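Each step along the sequence shown adds one to the number in the numbering used here, with nothing skipped, and position 193 is 433.
Heads up, some of the hints might be wrong.
[To be verified] Cβ pair distances, simulated, as ranges:
#1 S393 with G354: 19 to 27 Å
#2 K274 with K300: 19 to 27 Å
#3 A419 with T370: 16 to 24 Å
These are calculated hints, taken from the structure and not from any lab test. A quick note: this is a predicted structure, and the numbers were derived from the prediction, not measured. Even for Gly, the Cβ is constructed at its ideal location relative to N, Cα and C.
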Amino acid sequence: MKIDLRVAIPLISLAILACFAVSLHVSAQSDVDKYISTSRGEVSPVYDARFAPDPRSSRKAWNLGTDEDEDANATGNGSADAGESVTSPPPSEQPVSAPSLRAVSGSWALQMTGPSTRSLDLELYQSGGTVFGHGSLKTGEVVDPVSAVGEVSGEVLTLRLVSSDSLYSLDLGLKEPVAGSYTAYSQFGDSWAGAVMPA
Numbered sequence: 241m242k243i244d245l246r247v248a249i250p251l252i253s254l255a256i257l258a259c260f261a262v263s264l265h266v267s268a269q270s271d272v273d274k275y276i277s278t279s280r281g282e283v284s285p286v287y288d289a290r291f292a293p294d295p296r297s298s299r300k301a302w303n304l305g306t307d308e309d310e311d312a313n314a315t316g317n318g319s320a321d322a323g324e325s326v327t328s329p330p331p332s333e334q335p336v337s338a339p340s341l342r343a344v345s346g347s348w349a350l351q352m353t354g355p356s357t358r359s360l361d362l363e364l365y366q367s368g369g370t371v372f373g374h375g376s377l378k379t380g381e382v383v384d385p386v387s388a389v390g391e392v393s394g395e396v397l398t399l400r401l402v403s404s405d406s407l408y409s410l411d412l413g414l415k416e417p418v419a420g421s422y423t424a425y426s427q428f429g430d431s432w433a434g435a436v437m438p439a
């Protein structure tokens, strides 16, 4: 029986590579096993002076609105002597309160004018400055369901309405009477603009 070298050489090369791969796997596995065997599963905690040592202290500092490091840094020295009392000067400015948000949740009936007149009926919900909801957009006899998402900022309500084939971007002034403008984009790439007013 004669062995063909064209078959034997690739088989021998494959066998050598397999042995090499097994030896690497065994070597790597033994290093991991040694590490696990030598460690006792103990982890020494690392304390960072910038953070509270436990959740209770962190919560207390958060509720008080102060941090020991901020107090120390406010006096100009990063660390205080054990006998010294470190206090921060009283704040000279009161924090600026966030402007109150205009409530826009509820039922809305609007008319959109432009190339054609559309009636928009929406039910809006609000969470902080975020506004979302659903409704219907009626053009002639065709009624299209829409989803709405947007935000209220000051006296402006910005809404994006999505119907089955178009996107409407509305900017509404919230002073009475509510009025504004819109830009619409169709699935075919064309766009148009118009005005929005109460129905």
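Please flag the earlier hints that this structure goes against, numbers listed from lowest up.
Per hint list: single violation, 2.
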